[in-house]
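**Student:** Sequence:
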Amino acid sequence: KRVLLTMDTPTSLIRSMAVGPLELVGQARTWIEDPDPVIVDDDPSKQVDDLLSWHWTYEVLLEWTETVTDSEGNTTTKTRQEWRMIRQRSGGTPFVLHDGTGGVLMHPQSFAHRVLGDTLVTWECRHDLRIQKLFRNLFVSMGGKEIKKHRWRIYGLKVSDPVYVLGTAAVRDEDSIESEGLDRTMQNALLEIDGQGEHVGFTSRWERGTELSSMSRARSLIDAMTAPTIFLIGALLSVALSL
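Residue numbers (my numbering): 394 to 636.
It should be emphasised that the hints constitute simulated quantities derived from the structure, not laboratory data.
For clarity, every value in this text was computed on a predicted model and none was experimentally measured.
Backbone N, C-alpha and C define an ideal beta-carbon position, used for all residues, glycine too.
Please note that a few of the clues may not be correct.
Label pairs and their in silico Cβ distance ranges [to be verified]:
no.	residue 1	residue 2	range
1	D576	T603	20 to 30 Å
2	W424	V508	18 to 28 Å
3	W516	E459	27 to 37 Å
Distance condition first, Cα-Cα at most 25 Å in a straight line; then the derived DSS-like pairs of lysine-lysine [as the list claims (entries may be wrong)]:
no.	residue 1	residue 2
4	K471	K542
5	K471	K551
6	K439	K542
Using the sequences plus the hints, can you model the full thing?
**Tutor:** Okay, here's the thing in structure tokens:
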């Protein structure tokens, strides 16, 4: 459904776009001032600059031993591991989306659906050695499971990255137009893009990348329908055989 919506929705030019739902593709640029540096998990050593929208996660690798007894009474011991999410944060700032014909103000955090793509930076260590974090990270109860590693990952939209948007164009607040001294003869300067509002067959979202990269991350119709079809046929056969 997402692929079909992307393919069927025509891309609008920012210079001539109208109020309402639309699709845009452009480049992310700073608005009034540069974004503040992002400090991951309050650690100055984990700083990333020039992020207009971001999301970071902190996880721990847990290890534990399980004893399993089969139907014949044989006992086996297995060591298992899993990454568990401890905390995460998201943030961002309004930016200008520019497609070469003009720019428009965009509010990335107003979108419920955001795809920031692959990880920008990953930090890993065996233990978090910051004094103020010891009790929170090392001695937190994990149900008897041992903490083996710590991992921080950050995803983000950097200045000049490509952006694909399915959103809604609305008229900007009069006060912001006056304060910025915008040229009122330029229609795109008087509009802004947000993710508010629902439309029939239209779900607002934005992704880091272009229209082609957005489609490449989606599953094909055949891939999406194969497994449900097999399960449905199997269920119908089991019902038929039980009659």
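**Student:** Determine for every hint whether it applies to the structure shown.
**Tutor:** Evaluation of the provided hints:
1. D576 - T603: 20 to 30 Å: Holds, since D576 and T603 (Cβ atoms, about 28 Å apart) stay within the stated range.
2. W424 - V508: 18 to 28 Å: 21 Å, holds
3. W516 - E459: 27 to 37 Å: About 30 Å separates the Cβ atoms of W516 and E459, which means 27 to 37 Å holds.
4. K471 - K542: Holds. K471 to K542 sits at ~19 Å (cutoff 25 Å).
5. K471 - K551: 43 Å, violated
6. K439 - K542: OK: K439 and K542 at ~17 Å, within 25 Å.
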